Each structure stands twice: as structure tokens, then as C-alpha cells.
Amino acid sequence: MPELPEAETIARGLDSVLPGRVVRRVEVVREDVVRGPVEPFAEAVAGREFRGVGRRGKNVVFTFADSLRLVVNLGMSGRFMTGVDAETESGSTHPAVVFHLEDGGWMIYDDVRRFGCLTAVPATEWTRWSRRLGPEPLAHGFTAKRLHGILARSRSPIRSLLLDQRRLAGVGNIYAVEALWFARIHPRTPANAIGKAAAARLHRALRRVLRNAIRAGGTTLRNYRDANGEEGRFGRALHAYGRESEPCTRCGTPIERIVFGGRSAFVCPRCQDGSALP
DNA sequence: AGTGTATCCTGCAGGC
DNA sequence: TGCCTGCAGGATACAC
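In my numbering, the protein residues as written are 1 to 278.
Treat the hints loosely; a few may be bogus.
Unchecked claim - DEER-style ranges, computed between Cβ atoms: (1) 207 x 233: 17 to 27 Å; (2) 85 x 195: 57 to 67 Å; (3) 215 x 250: 14 to 24 Å; (4) 104 x 125: 26 to 36 Å; (5) 65 x 204: 33 to 43 Å; (6) 251 x 29: 42 to 52 Å.
Hints are computed from structural coordinates only; laboratory data are not their basis.
Remember, it's a predicted structure, so these values are computed and weren't measured experimentally.
Beta carbons: idealized from backbone N, C-alpha and C, even for Gly.
Sequences and hints are given; from them, build the entire structure.
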């Protein structure tokens, strides 16, 4: 499910309600979503005060008052829900970790498939943790030139490169496919075959797609919900992803589904014919 | 270095 | 209705 725009939407929602509140107890319902030993994890978080909630790549990052961080990768189906008291309807179908707060409120990490994981990262390890990820595509310093530099170092298919979190953080299958459609680049194009002009188109397309998706609150295909239980509205703005056999909104040619790297990509065979690579 | 495959896990849609 | 297959927003390990 969640890529950068969904993680950003969730983080913003939680950041508006959590800071200043204190965790009383951490109830780990499903141990397999916790990275590392469960007891130390629960004890590290218990008793701490939330300072803020942000995002790094696709990860939701909770910062506590003493700089311990709780990093949550939502996998395919992770979600958060909160409530002010025990009476509040949770809407949680597959609770994995429950955070009981001192004020009687709660936050639940819910995850049907449990591909998500929660990690407690001490302040001293944060830099090292964050360095494993590539640059943020929406950061000011992320220029077309920088993207071109990343592309030049690899001959893997551009879609595969965009999904590699070590090279670029936060882009998943939906937004990779969409950005490539906007930039008129075939998903299988070797990254280092993409010239400056095409890299600049891709840079613009990535930032445009990600920004617009954040504005729409993300994309709900199945069970994605933000921290308030709302669906994302970006689904109707999709031009390629999931539109197999439907007409390309630019040229009318039916969109095709191709599979490589173990995942589906969607491509307009006319707009993205592999020729426009200067 | 890159690619295909399998793995973790559950739910849903479609075909018969 | 039931059973089967394939598919899903992610990440990682492995063999070639």
C-alpha cells in the first residue's frame, strides 16, 4: 500500500494529535511486526512523550522527547488509527501493536498482511539508519541533475531503479509507473540510457505526481486509510497504473500491462515506445 | 551488477 | 456455495 504520499498523509494526521501525549504501555499483539526482541522494544517506548511525527521515504517516523525514534514501515497493508478513549470505535480489523496513552487515548498499528515492521531507533543510530536510504525526491536539493547522476550509474530498468529505496527514497510501484507515463519513458528503459532532457522530464513528473498525490491524501486501491480513516483521492487521477486495456488519456491507445522484476507495470505502447530518450 | 524466483501473510475477485 | 488460481501499494535473500 503505502508509498511516500500515503506515509506523508499519515504522518501529518498523527502529528496533529500526538505531540505532548505520553505512552503508558505498548501491547504487542503480533510479535512478527516488531524488528528485534519484543520486550526491549516495548520497554523502550513505554513512558515516553511524543514530540512529533514525520516521514523518511515510505517510513512514518515518530520522535520522542528524548530523541528516541520509532520507525514504522507500513509494508503493503499497515495503517494507524487513534482514539481518545476506550469507548471510541477503533475500526481495527487486524491490530498488531496497541499504544495505550496516559490520557486514556490509544493508537493502533493495524496490518492485515503483516509485511510492515516497527523499529525503535536510538538517537545515536538515527543517522546511520537514515543513510541507508537514498535522497528524498521532494527535497529542495533533489535536482534534475542529481537524478540524472543517479540514473547514469545503473543500467537496470528505470522502473526497478525507481523502486530501489537505497537510490531514491519513497517511490513505489504506483508512482513510479505514473511518473514514467508522464515523462513518456518506457519502464524497461535502461537507466543509463536516459539522457539529460528525459531525466529532467522524469524529475518534473516524479515531483508533480508525488505532490499531487499528497494533496489528494494518497491513493486508495484497497485498504489504505489515513490516520483519520479517510480514503486517498488520488486513485481517479491515475493515468496508467491499473488501467490495462483502457485508453491512454493522451493518445487513446490501450494501456498495456507488462510484468518484470516480479511486479506489474502499465505502459502506453505509443507514448512510451522507448524512442524519446534524449 | 542485474535478473528471476521465492519468501513473509491475508483477502479478494474471477473462473468453473 | 465451494474450490481453485492469480493478484496486491513492500522488502529481502538467494542462485545464476
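Per the hint of 57 to 67 Å, is the separation of the Cβ atoms of residue 85 and residue 195 within bounds? holds, 58 Å
Can you tell me whether the CB distance of residue 104 to residue 125 sits inside 26 to 36 Å? About 32 Å separates the Cβ atoms of residue 104 and residue 125, which means 26 to 36 Å holds.
Given the range 14 to 24 Å, decide if the beta-carbon distance of residue 215 to residue 250 lies inside it. Distance hint for residue 215, residue 250 holds at roughly 22 Å.
For residue 65 and residue 204, compare the CB-CB distance with the range 33 to 43 Å and indicate the outcome. holds, 40 Å
C-beta pair residue 207, residue 233: status relative to the range 17 to 27 Å that was hinted: The hinted range 17 to 27 Å holds for residue 207 and residue 233, with Cβ atoms some 19 Å apart.
Could you say whether the range 42 to 52 Å given as a hint is met by the Cβ separation of residue 251 and residue 29? holds, 50 Å
Consistency with the previously given hints is maintained throughout, with no hint failing.
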